[in-house]
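Student: What follows is each chain in one-letter form.
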Amino acid sequence: MTTRIDQRFADLKKEGRAALVTFVTAGDPDYATSLEIIKGLPKAGADIIEFGMPFTDPMADGPAIQEAGLRALHAGQTLIKTLDLVRDFRKSDDRTPVVLMGYYNPIYIHGVERFLKDAKAAGVDGLIIVDLPPEEDDELCLPAIKAGLNFIRLATPTTDDKRAPTVLRNTSGFVYYVSVLGITGTKAPDLKSVEQNVTRLKGHTKLPIAVGFGVKTAEQARSIAKSADGVVVGSALVNAVKTSLKAGKATPETAKAVHRLVSEIAQGVRS
Amino acid sequence: MNQIAPNSYRTGPDEKGLFGIYGGRFVAETLMPLILDLQKAYDEAKADPTFQAELDGFLEHYVGRPSPLYFAERLTEHLGGAKIYFKREDLNHTGAHKINNVMGQILLARRMGKTRIIAETGAGQHGVATATACARFGLKCIVYMGEVDIERQKPNVFRMKLLGAEVVPALSGSRTLKDALNEALRDWVANVEDTFYCIGTVAGPHPYPEMVRDFQCIIGNETKKQMHRHEGRLPDSLIAAIGGGSNAMGLFHPFLDDASVEIIGVEAAGSGVDTGKHAASITGGRPGILHGNRTYILMDDDGQITEAHSISAGLDYPGIGPEHAWLNDTKRVSYVSATDKEALEAFQLCCQLEGIIPALEPSHALAHAMKLAPTKPKDHLMVICMSGRGDKDIFTVADHLGVKL
Ligand SMILES: Cc1ncc(COP(=O)(O)O)c(C=O)c1O
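Residue numbers (our numbering), protein chains in the order written: chain L, 1 to 271; chain Y, 272 to 676.
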């Protein structure tokens, strides 16, 4: 089975360039603006869309993504509405892969089987669930694979050669290498160590490797794109949302600010 | 839930860290290798008699154990039913049961060569205990505490600082214990090399619920021996307050297979479970995943965690240890709740009748005992876990009684 994610990485390989993976929080700052943001992402240069499912207690996220989640929740975002957003996005884009990223509890409460069916029907291609390590694969990873969704795993600097096979065993779509020890959006990645670790992971898997956590500039994206198959940008985009707001509400600038930053970073990835 | 009563209630967790369906290891990949390391180190320490001997030495000479099992004669008379004993964890060094667990974890951290200790705290008792042990062993100590709790537990904040700890306010979410736990987990992810996370209750990912329980079991083990000395038999009932559930689990666990012993955990009902402003995860929550384990949690229909409310900072947590969730479903332990108002009344009664100022946390256990004791015969032996002393709470209590200090 080939998913949109597999197809996209295969296409980019032919083009000879890395993928730009963009993360924004679903429903931030509100449903309509969030839809406008993701609709414009492919044109701005995003190759894969990562869509954060807001959660009250995001233990692996820094302040920027924490706040984005709370903004979305205050505006009434729910798991069901996040799937609605994907469905709305799919009306005009049937090619760009969409990956949902978040924490397990809202999915568990929705019901795993029901969630997988609804997500697949909405046009979701893959899942990244931060608090489901391989030790908990029975919970969602194996059912997701069965339902035809990619389950993308995070590999980290603590994923040594002994642990890598465990982490990679049921991973599909791509591997998300977390470039820093820490939460999202705080430290800048050490580019040398990123390159070493990507090379090391490539010894364990044929899957594409995307690198994220802390990538903010076109310059960083350019150097990461030299060794990795994809670059993930998240907190920087979420911060662009935040600075565009007036009194906590979206402005005509909000979507534009995100798209502008994506275009800039896309140039870094493509050069 | 349809479960068959097991042969023993004391064998959990299994190798995946599960008690029935509860528990587990729901953490980010960065932490997974650390948790596996911790488990290995703990298993080795547990099997090493020199570790246990070292811990026993500190518990006796530094913590001041064994803590007395005290016959609360005037409270017994006043309530006119069950014969009430207090297990006096309030007399431990630092004033609560929290130090039992902290001594164990800090000795383990030293064994593992860790030099930087992080902890979360609600009432500040676990933070104070951790700061104390870190001072004793010359370890760096960082305590995360919700901004709201920093305000209502000022004496403990100052104590931690005196002991050399850095107190970092948790500014996210509800700014109470759950957010302090989130911040501690975020710190750990960023400082994996030298840092040991000393969790203060029987929650978090496996092996914490098991390890903290084991370190707290000294409460129940001593109680069993002491009751034998006082009365020549087992107690008839045990009552303890539940935040995450560590003092309760410590008292309960050694008695789980003694079928004649009635066991009751008391959650915080805040303004009342039906008002939505409470911290009663079992009574008012449902199974979900938070802070590394599956357990009963307060949440909305979208799976978003809701804020807990209690007059007692130590009970103000929207979850409960996974082993309690399992003991609830298997019906071995019953879980009830007491409101802020009931706890305050019990607090005052205990001061007046026994000359003991209890913490607001065990005041919830006392409040339930006040309801239950009069319904029991005079030869019914009831043990209440007096998990801590109330010095830290006098500002909160004064405030609620309309007294200006
Ligand atoms: C005196 C006292 N009792 C009880 C608790 C609640 O914790 P646990 O349920 O883990 O015993 C606390 C927590 O701070 C406490 O300080």
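To be clear, the hints were calculated from the coordinates, so they are not data collected in a lab.
Keep in mind that this is a model prediction, so the values were computed, not measured.
Ideal Cβ placement from N, Cα and C applies to all residues, glycine included.
A few of these clues could be false.
As the list claims (entries may be wrong) - Pairwise CB distance ranges, derived in the manner of DEER restraints:
(1) L:T3 / Y:D285: 32 to 38 Å
(2) Y:D545 / L:T199: 33 to 39 Å
(3) Y:P277 / L:K146: 55 to 61 Å
(4) Y:D314 / L:K14: 47 to 53 Å
Said to hold, decoys possible - Subject to a maximum C-alpha distance of 25 Å in a straight line, what follows is the list of computed SDA-like cross-link-like pairs (lysine to any residue):
(5) Y:K411 / L:K206
(6) L:K206 / Y:K311
(7) L:K162 / Y:D314
(8) Y:K612 / Y:H671
(9) L:K117 / Y:P558
(10) Y:K311 / L:K226
(11) Y:K411 / Y:D308
Student: The structure should be examined with respect to each hint, and the outcome stated for every one.
Tutor: Hint-by-hint comparison with the structure:
1. L:T3 / Y:D285: 32 to 38 Å: holds (35 Å)
2. Y:D545 / L:T199: 33 to 39 Å: violated (59 Å)
3. Y:P277 / L:K146: 55 to 61 Å: Check failed, 32 Å falls outside 55 to 61 Å.
4. Y:D314 / L:K14: 47 to 53 Å: holds (51 Å)
5. Y:K411 / L:K206: This hinted pair is violated, its Cα atoms lying about 43 Å apart.
6. L:K206 / Y:K311: Roughly 32 Å separates the two Cα atoms, so the pair is violated.
7. L:K162 / Y:D314: Holds, at roughly 21 Å.
8. Y:K612 / Y:H671: Roughly 9 Å separates the two Cα atoms, so the pair holds.
9. L:K117 / Y:P558: Judged against 25 Å, a Cα distance of about 22 Å means the pair holds.
10. Y:K311 / L:K226: Cα-Cα ~39 Å, so violated.
11. Y:K411 / Y:D308: holds (21 Å)
Consistency with the previously given hints fails for numbers 2, 3, 5, 6 and 10, ordered from lowest to highest.
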